[in-house]
Amino acid sequence: MHNFAFDLAHLLAGSLVLVSLLLLYQDRMYALLNVFALHAVLLALSVGWQAHIQDAPHLYVTAGIALIFKAIIIPGGLRRIVQRLGIHREIETVVGIGLTMLAGIALVALALVVMLRVTAGADPLAREDLAFALSIVLLGLLMMVTRRNAVSQVVGFMSLENGLVLAATGAKGMPLVVEISVAFSVLIAFIVIGIFLFRIRERFDSVDLQTLEDYRGERG
Amino acid sequence: MMAFAHNAVELVLGIPLVAGFLLALLPGYRLSAGLNVLAGLLTFLASLLLFVVRPTAGPFLQIDDLNIVFIVLNTFVAFTTSIFSATYIAHELETGRLTPTYLRFYHAMFQIMMFGMNLALVANNVGLMWVAIELATLTTVVMVGLYRTHEALEAAWKYFILGSVGIALALFGTILVYMAARPVIGQGLDAMAWTVLIRRVSEFDPGLLNIAFVFLLLGYGTKVGLAPLHAWLPDAHAEGPTPISAVLSGLLLNVALYAVLRFKMLMNANPATIPVGPLLVTMGLVSLIFAALMLYRRRDIKRLFGYSSIEHMGIIAFAFGMGGPLANFAGLLHMTMHSLTKSAIFFSVGHVAQVKGTQKIADIKGLTVTHPALGWALVAGVVAIAGLPPFGIFTSEFLVVSSTFARAPLLAIPLVIGLLLGIGALFLRLGGLAFGEPTGSTAPVEASYVPLFAHLAIVLAAGIFLPGPLVTWFQHVARLLG
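Line by line, the protein sequences are chains A and B. Yeah, the first sequence ends on 221 if you go by our numbering, and it's all consecutive. Yeah, the second sequence ends on 517 if you go by our numbering, and it's all consecutive.
Everything labelled a hint here was simulated from the structure, so no lab data went into it. It is possible that part of the hints are untrue.
Looking from chain B toward chain A, a few residues come up when the C-beta cut is under 10 angstroms (computed) [to be verified]:
1. GLY162
2. PHE207
3. LEU211
4. MET227
5. THR230
6. VAL231
7. GLY242
8. SER483
Chain B is nowhere near these chain A residues, computed Cβ spacing over 12 angstroms in every case [claimed, not checked]:
9. PHE5
10. SER16
11. ILE74
12. GLY78
Computed from a predicted structure; not experimentally measured. Even glycine gets a Cβ: it sits at the ideal position worked out from N, Cα and C.
All chains should be modelled from the sequences, with the hints used to inform the complete structure.
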């Protein structure tokens, strides 16, 4: 039983890393949002499984938030924004896809090397969870750096947050404060972003940050 | 007596929170500006109470010798800023840059931000502190974008994205600290409490702590504005309402620095971890020299002082990185003096930009002729921030430089070069701003001089004479910091 628990947790966390890599090269808005929804579903499953094996019922709340909020409400909302703004064309990536993928693989390798070496003494499930979580965080960062479009940067940021939730639930018995706060901060973050997108739309008829950057305060 | 003491902490947190909600409901800017000032004053008084009676540390909140310095400074500058804000905002309403609805929002956010910062300072739980800093950040993001111009939105967006990445990295570091603590302390709240962590940290796994600190330094370092993570800072300072620039520079950077210092204390208490001083010294020096060079090419007056904040946070990080009683003392003093001076500068810059109708340095000339009080206050502020005698920053910079010469003369060379570069750039700009042929409007300005001159007077007094009890207190805190 223990082995099965371990394997399934591993499988789910590993799939999250895989989906993070998938996110990197999605070049259409709707596809990007669908893959992100998959990311959130996997997170919900992973957190739910942790709740089961750690016998920590409060984690089911975190799993529920991930499922309902991140997998359904947010992608739905973003899809509407994309539709209304008419930006369901291709995403402009700054660096080529091949290069981005290579960088992504390098980051995963880096995360594994660093975390596994450092946490040699810790309990194996926790340390491998942590290594996966760090990979997801780094991939999220990479996505934020390589994308220029505001919506895809937000998706990158949320995938990064998913990695943090994975790490927080993998750390056994971490007080509830943090889990709720993580979910809560995502909520606030989304509201803020929503306001921003709304305003940016209102002012510029575009959420492309490249357009924004033409108005740098320093010039002129 | 004990119950009373707990009330003081609750007041420091409760007043801004309640005021925030009240201000969100109240229409009419005169009333809310007044209430804002009142809330600031009451919070400041409540923080002074903490000197008299100190509560024992609970699972979530604590007051100790270190954070009390930050809290008093925080609430004081918030109070004076609220006075400045009242006159500043009245002018913005007149010129129509802000509407009454936005103003309501602005006042509510101001108090919620104060709540967030105070909570971060009194938190005895690494998770709670993280939540509080996140809250303070989000409120400032909204305020930076308040004017809704192209530039303001871009600045707010940049601040939001970089700030979120920083705060995410900090959370990862926080989780790692918990992971390191759990095998020793056991599950639950104790494994996140500062008071427990610092006692047991020597038994933690040093490898995990090292990685955790790297993430925490990158994460909270972004908020401190240390190069190369500073990109949000000048824009956020330049585009938001000036009272927000004042609290950003004067307070929020300090709160983030406080978080870094707390974790540095943890690292110091575990002898097997890497020494963190050199990391801070390097980041500090890079920030100092980079910002000093950038000062030369600024055309926007608020952006100029934004870069100057990066420079000074660099000096402070450098001082704390050097460590030891003398350098830590200098760092604390410098932090206090910088908060007071920089917010005073922003108070005067805010009025200047309003009366001249521009933030472009080239369009502002001869201030001492057109607006003597404001102009000379700005001159005094810049002389102080450049680190010249007789102001307090001279004392602290002198201590940083002399302690560095005594212990690591090679490091003192880039430090001094950076400081001199900064002085040169500031005076180059000041010459045009304050003297020369006056340009622009000469209309009289309705300024709130009280907070401006109060800050400058304190900085001047500290430069001439540091009161004994303050010196003893800072020396004690400096020893705590290791």
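Consistency of the hints with the structure:
1. GLY162: 4 angstroms, holds
2. PHE207: With a closest approach of 6 angstroms, the PHE207 of chain B hint holds.
3. LEU211: Holds, about 8 angstroms.
4. MET227: 6 angstroms, holds
5. THR230: 15 angstroms, violated
6. VAL231: 13 angstroms, violated
7. GLY242: Holds. Min distance 4 angstroms.
8. SER483: Violated, about 26 angstroms.
9. PHE5: Given a closest Cβ separation of 24 angstroms, the condition holds.
10. SER16: The claim holds: SER16 of chain A sits with its nearest Cβ about 20 angstroms from chain B, beyond 12 angstroms.
11. ILE74: 19 angstroms, holds
12. GLY78: Consistent with the label, GLY78 of chain A stays out of reach of chain B, its closest Cβ about 17 angstroms off (over 12 angstroms).
Hint check: violations occur at hints 5, 6, 8; the rest are consistent with the structure.
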